[in-house]
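Place chains B, C and D on chain A using the hints.
Protein chains in written order, with the working numbering: chain A, 166 to 476; chain B, 166 to 476; chain C, 1206 to 1471; chain D, 1206 to 1471.
Calculated directly from the structure, the hints in this document are not laboratory data.
C-beta: ideal position from N, C-alpha, C; glycine also.
Heads up, some of the hints might be wrong.
[What the hints assert, rightly or not] Computed footprint of chain D on chain A; a stretch qualifies when at least three of its residues, placed anywhere within it, have a C-beta under 8 Å from a C-beta of chain D:
#	stretch
1	286-293
2	347-356
[Said to hold, decoys possible] Straight-line distance between alpha carbons at most 35 Å, and here's what the computed DSBU-like set of lysine-lysine pairs gives:
#	chain 1	residue 1	chain 2	residue 2
3	A	K307	B	K307
4	B	K434	B	K465
5	B	K307	A	K298
6	A	K434	D	K1468
7	A	K434	A	K461
8	B	K300	A	K318
9	B	K307	A	K361
10	C	K1331	B	K298
11	A	K209	A	K174
12	A	K420	D	K1463
13	C	K1382	B	K298
14	B	K461	C	K1468
15	A	K378	C	K1348
16	C	K1331	C	K1215
17	A	K420	A	K434
18	A	K420	A	K362
19	B	K378	B	K461
20	B	K307	A	K309
21	B	K174	B	K420
22	C	K1331	B	K232
23	B	K298	B	K420
24	B	K209	B	K232
25	B	K298	C	K1348
26	D	K1348	A	K318
27	B	K362	B	K174
28	A	K232	A	K434
29	A	K300	B	K309
[Said to hold, decoys possible] To spell it out: a stretch of chain A is covered by chain C in this simulated footprint if at least three of its residues, at any positions, have a beta carbon under 8 Å from a beta carbon of chain C; those stretches are:
#	stretch
30	275-283
31	369-382
32	386-395
33	465-476
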Amino acid sequence: MNKVTTMQKAVAENIHDGNFVYIGGYICRTPFSAVHELIRQGKKDLTITRSNAADDFDMLIGAGVVKRFISTFISLGVYGLARCYRRSLEKGIPHIIEVEEYTNLSLPMMLMAGAMGMPFIPVKDLLGTDLMKIKGFLGESKYKLIDSPFDGKPVLIVPALNPDVGIIHVQQADENGNAQIWGIGGDCKYGANASKKVIVSCERIVSREMIGKDPSRTIVPDFKVVAVVEEPFASHPGYTPGFYDQDFGFGYLYKEASSTEEGFHAFLKEWVHDVPDRAAYIQHFIDRFGYAAYKKLQAKFDYGYPVSYEY
Amino acid sequence: MNKVTTMQKAVAENIHDGNFVYIGGYICRTPFSAVHELIRQGKKDLTITRSNAADDFDMLIGAGVVKRFISTFISLGVYGLARCYRRSLEKGIPHIIEVEEYTNLSLPMMLMAGAMGMPFIPVKDLLGTDLMKIKGFLGESKYKLIDSPFDGKPVLIVPALNPDVGIIHVQQADENGNAQIWGIGGDCKYGANASKKVIVSCERIVSREMIGKDPSRTIVPDFKVVAVVEEPFASHPGYTPGFYDQDFGFGYLYKEASSTEEGFHAFLKEWVHDVPDRAAYIQHFIDRFGYAAYKKLQAKFDYGYPVSYEY
Amino acid sequence: MNEHPNDYIKPELMACCGAREIMDGDVVVVGTGFPTMSANIAKHTHAPRAVLLQESGVYDARPRRPALSVGDACLNPGAAMIGGLVDVMGMFLQGGWVDVGFLSGSQVDRFGNINTTCIGSYDQPKSRLPGSGGANPIGALAKRGLIIVQHDPRRLPARLDFITTPGYIDGPGAREKLNMPPETGPSIIVTNKAVLRFDPDTKEAFVASYHPGHTIDEIRRSTGWNIQVADDVHETEPPRVEELSALRNILDPHRMIKIYEGKGYV
Amino acid sequence: MNEHPNDYIKPELMACCGAREIMDGDVVVVGTGFPTMSANIAKHTHAPRAVLLQESGVYDARPRRPALSVGDACLNPGAAMIGGLVDVMGMFLQGGWVDVGFLSGSQVDRFGNINTTCIGSYDQPKSRLPGSGGANPIGALAKRGLIIVQHDPRRLPARLDFITTPGYIDGPGAREKLNMPPETGPSIIVTNKAVLRFDPDTKEAFVASYHPGHTIDEIRRSTGWNIQVADDVHETEPPRVEELSALRNILDPHRMIKIYEGKGYV
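With the rest of the complex left out, here is chain A (with noise of 0.2 Å):
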């Protein structure tokens, strides 16, 4: 079934305010387009999460979009804390979002304890820290300290997540939402696979029969998959390996403009509501700082081997 589509028609469709929305990237493969567009749509009330969240999570909480969020890390990387999350807990602008805070181990785990339909999973972290005293929106339910029912130790376990909707960015995919990725991973696997329905934005469209070409890149399988956006260039500010680097002149821009609200709103006017698709942000981006900057953050060429799976 080919589900080739628009973003538009992939957020329209199937992201509903209140919606519980796993989003990927580690600034590798950020499915950057996919933000915009849930900010671009006006989406209210979600519920956000990923490991080690950086400047897309920032904007959505600045946009208004975020009621929750499960956390274990936000900031702008080398332009320091994100400035929308702060203005949002320190003085409750736009609004105070519920935050409920786990680490870069458990988070990932509890997101691959949803993709395997454990209730739950037993992780070494949090202990002995006041990590373990705050209670977000989850309350009792954040984690249970338990005495192993093998040795009677202490052991702490953790829920499993299971988003509503996970949205990952791809180096390629066929039409049917067979997702192939290469490089670094973050918790996108498992992110994607626990979620209800996967929305695949990708770099290229590939056939069916480049898929099977190499089968062992696939991370999430087409049956998952509700929507397949082809969309280069769609993790800028990020990178995606192969494709881009990461723009280290626009995340500097995206700080000194988050630095106030007025700035904030201006970024968003400029990048996100007056661009009304990806094509029309590079268009804009290319207008602005030139093709000559657009081009510098391409990828060099430099490929590996191919194998064979033949016998």
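Below, chains B, C and D alone, put in the same frame as chain A:
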């Protein structure tokens, strides 16, 4: 650190009588040359495990190497029941092995739990069947049925496994032990990573640079590996994707031979004890069946596409 | 109206009975032999969007020869996704994505429980069988279990020597009590004499249809318990032209399915 | 005898202090900045077989530019293994394979507990910080935690506003009581004034050495608790020629490390 050695040394130095040994493979990438070496060196009292065992496990059992077997299944595939396994359990020949039985869901999960440092893992199989009633050498530690601390509902948890040694065969590895595969994985990645040390045999040793051309294929990092053996055709009569096909004729030969004690021992003499190493094994194969038969098993070429990790 | 050639063999009829249980879009875990044939007949007829998984880690394989095991080399080239057991059995099956699972066994009881562990006692078996493999979790977790078994009182006994794979266990409410996932469990038993289905209230298998050439009386005598018969019991629909055509022209041109005749599926 | 050039800056000295804690063959989880520099100085001097992991999923990266985050594009080409968080944080860290983990924080207390969550109260923070990320599990599970922090009473307070990452928690026996893995915990705090180590009995950080140009008295005044001093306290060994050479010629030719001076590491 260059860990390249011979299978003789790898097994002699790293596997000791009484060890708990994970042996990878799923017809695909069976580490058969290591299995033969275990028999040749007369190892004793091993506890062995993997999901969906086959001819290699049957051979180890018939050769008297095995004391205990954490199992899910064992057969000769199209050639039916595993003869040596049956003789052991039905007639005590050469001795009765102790069996602890799980399934192709719970055992891989127990190995994954071992690899990930979890004490136990919840699973949704076994319930309501006699697999719950029979408890072997793990006794009451085979599983625990608890009420979920989250919702009070019954949850089955099974213990993590951490073998002393893991043995896997892969397509390629570098001299330090970074091991790469493609194609059917079975429980190989988690079985190896759950083990305290890993012996890697491979079809080809490649440079560290070649590993780095496609790091997403690596399933075991070098710091877990104690020995690397370049051992082409090591999976025969199993197969390795991209290298050679399964040898159904040889499977029949083993089935016929293993149908009697005498036949089995004659088989061991011919294919294990009378050949000092894998090179001699291949020589004997060619002497016995002809180069054409050997050639026929070699994989066709149908290479996929290379990818770039550049930025 | 469907055409029904009359030159079919029993294993072909059985494969077609399995195929008809698969709905378009179903995610199906298959083994080798019957399951693969059934699933592929379905794909080539009424369920083109059904998709197949093998427990070894393969999704949507494109084998150019019939796979002789779930780890067969021919399942590798061209598949849509290849991982390992944890991906297929954990992420897809335990994750709740599998609609149909095929099962077979040396013994099957009235509740669809299956024995693939031993004949005789577990500790001193008369015959030691392979064990569960993927059968137990497939029986526990697939939404619809399709069971293939030969129809005789030894194979359909009143009581199993060992329950390897759960059907409805000891009857109504048993799966629920154990917190097994809702709306899972066996949905059909296809034998060489009949199609059995499960009563929603008693969870017992009953005769839904008898294959051409067989009688209710024969089926009753060949069953190890006092099997019930549906009010609307009828003759099983023989293989349709398009079903046989898919099987013989595309899936099994060498008619390897004939080996099942030798195994007693007549 | 080692030569010690005297043209080093404080962040270089601190990076060298970190490097000296790494033993040959250690598996090291690194972030960016100091940790990467320390680990690589070690690799280029006394610990050539130390290996590096980034929590994002990377093992043994070969970056051609300094990585500005643990997910930096430059970590991809040439790495020995790339998976995801579950591989590095689950399989390697929680699996017990990580010898050394680098940590930093806005506040560190006498037991090596770290705050990266908030200044002020959690519910109404004066300043909201990024949160744990990988720090909490690294602190919980690495055999030796190496902590980098600026030395002033605000950053080394008597009491943290929030414990994000566990050191020795509230002292001896605390980790054991929680069944945290044996022989794990912080082993050193490197500040811009001193090297602190942990008393094996009290689990409190004490002054092991003072950096050239600093005094015990100054260090005491800059610490938020009544810090103990080792009997054999001595001046920190300045950067060695080969350490500086690795840093300046190979790892950081543009001397990006100078930005830490601007951040107060002087």
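Satisfaction of hint between A:K362 and A:K420, Cα-Cα up to 35 Å: Between A:K420 and A:K362 the Cα gap is close to 33 Å, so the pair holds against 35 Å.
Proposed proximity, B:K420 with B:K298 (alpha carbon, max 35 Å): Holds, at about 32 Å.
Straight-line alpha-carbon gap B:K307 to A:K361, limit 35 Å: Holds. B:K307 to A:K361 sits at ~32 Å (cutoff 35 Å).
Verdict on chain D covering the stretch 347-356 of chain A, where coverage means 3 or more residues with a C-beta closer than 8 Å: Result for this restraint: holds, n = 9.
Whether chain C covers the stretch 386-395 of chain A (at least 3 residues having a Cβ closer than 8 Å to its Cβ atoms): holds (count 4)
Pair hint B:K300 and A:K318, alpha-carbon separation not exceeding 35 Å: holds (23 Å)
Pair hint B:K307 and A:K298, alpha-carbon separation not exceeding 35 Å: Holds: B:K307 and A:K298 sit about 34 Å apart, inside 35 Å.
35 Å Cα cutoff - pair A:K378, C:K1348: holds (31 Å)
Assertion that chain C covers the stretch 275-283 of chain A - criterion: three or more residues, beta-carbon distance below 8 Å: holds (count 4)
Given hint A:K434 paired with A:K420 - CA-CA distance at most 35 Å: holds (16 Å)
35 Å limit on alpha-carbon distance, applied to hinted pair B:K461 and C:K1468: It holds: about 30 Å lies between the C-alpha atoms, which stays within 35 Å.
Pairwise hint evaluation, B:K298 against C:K1331, where the allowed Cα distance is 35 Å at most: Holds, at roughly 19 Å.
This entry satisfies every hint, going by the numbered hints stated previously.
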